[in-house]
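> In order, the protein sequences belong to chains Z and H.
Last residue of the first sequence: 703 in the working numbering, with the numbers rising by one and none dropped.
Last residue of the second sequence: 703 in the working numbering, with the numbers rising by one and none dropped.
Honestly, the hints are just simulated from the structure, not real lab data.
There is no bait here: all hints are sound.
Heads up, the list lumps identical chains together, so a pair's fine if it works in one copy or across two of them.
No farther apart than 25 Å at their CA atoms in a straight line, the calculated lysine-lysine pairs in the DSS-like style are these:
| hint | residue 1 | residue 2 |
| --- | --- | --- |
| 1 | K644 | K672 |
| 2 | K644 | K599 |
| 3 | K599 | K672 |
2 protein chains.
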Amino acid sequence: MSPLDTVAGGLPTLDYSHPILYFEDFTEGQIIELGSLAPLTEEAIIAFARQWDPQPFHLDPVAAKDSIYGGLIASGWQTALLTMRLQVDNLLNETDGQGSPGVENIRFRKPVRAGERLAARFTVLVAEPSASRPTLGKVLGRTELLDDAGAVVYQMDGWTLIGRRPPDG
Amino acid sequence: MSPLDTVAGGLPTLDYSHPILYFEDFTEGQIIELGSLAPLTEEAIIAFARQWDPQPFHLDPVAAKDSIYGGLIASGWQTALLTMRLQVDNLLNETDGQGSPGVENIRFRKPVRAGERLAARFTVLVAEPSASRPTLGKVLGRTELLDDAGAVVYQMDGWTLIGRRPPDG
Numbered sequence: 535m536s537p538l539d540t541v542a543g544g545l546p547t548l549d550y551s552h553p554i555l556y557f558e559d560f561t562e563g564q565i566i567e568l569g570s571l572a573p574l575t576e577e578a579i580i581a582f583a584r585q586w587d588p589q590p591f592h593l594d595p596v597a598a599k600d601s602i603y604g605g606l607i608a609s610g611w612q613t614a615l616l617t618m619r620l621q622v623d624n625l626l627n628e629t630d631g632q633g634s635p636g637v638e639n640i641r642f643r644k645p646v647r648a649g650e651r652l653a654a655r656f657t658v659l660v661a662e663p664s665a666s667r668p669t670l671g672k673v674l675g676r677t678e679l680l681d682d683a684g685a686v687v688y689q690m691d692g693w694t695l696i697g698r699r700p701p702d703g
Numbered sequence: 535m536s537p538l539d540t541v542a543g544g545l546p547t548l549d550y551s552h553p554i555l556y557f558e559d560f561t562e563g564q565i566i567e568l569g570s571l572a573p574l575t576e577e578a579i580i581a582f583a584r585q586w587d588p589q590p591f592h593l594d595p596v597a598a599k600d601s602i603y604g605g606l607i608a609s610g611w612q613t614a615l616l617t618m619r620l621q622v623d624n625l626l627n628e629t630d631g632q633g634s635p636g637v638e639n640i641r642f643r644k645p646v647r648a649g650e651r652l653a654a655r656f657t658v659l660v661a662e663p664s665a666s667r668p669t670l671g672k673v674l675g676r677t678e679l680l681d682d683a684g685a686v687v688y689q690m691d692g693w694t695l696i697g698r699r700p701p702d703g
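Please model the entire structure based on the sequences and the hints provided.
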């Protein structure tokens, strides 16, 4: 079993019986597949918008038709959070992750609409020891969400603090 | 009445009886106060983490004690979304906003814990006409969340597309 194994139904599981991933397990250029998002329904797009981002083109199919998008689109924050959840379940919670100082370059490249199938991947851009904390490393990962045609619809470059392998690890 | 007026209870209201804000109403260096967040409870921090960002230091006060944060902290995404909601209610929905191509430089400068009082402000960094769409302008705004001592705990630089004032506006 690798730390990134999934259970039969495809749901990620955290298996504490094997070593977790440490900073030393990440190398620049490494690509990690994060799995797929369940396609959004119009109802889910509207419910998220009501709570967090009530702009007309996320909230109201009629108003959205008159917008530059020509129809209802998901809040970019909904796309970002769904992708983050996938990344936590399928990667970060398999590591000795210690949070994040920030995120660079969030790009909403294509609007996300109801019914689209999207898959995520994580590419290690930078892996370097922390200058201030000797027990931590810093990983900058580009997370991309791709549609069925392979086009990137969303991306972010996020920093993660990850524990270095302890001497007895 | 200005477009940013609020009703008696402090809740923002969209007053369609006066002109909304267009691209031309934004100038570089302009500062707009966005109001305050209701302080988070531990329960709200945990509930958000369960749904979107289930890392131990957002989810479990005991595990959080052993983390580099020394206690439970809110997911940075929760801080980001609460701030976004404030920005939509108190600014974007008063403009002819048309969505966003992306966000730069999200910084989680200080952990956010239960009970903290935080206020948001928006500073216009860039305001320029869209090169590709003559009816739109692009505004890059720095959104900052400040604590009672005036320290920035969270910031993001977000692009917003805003309609240009029509000839009859």
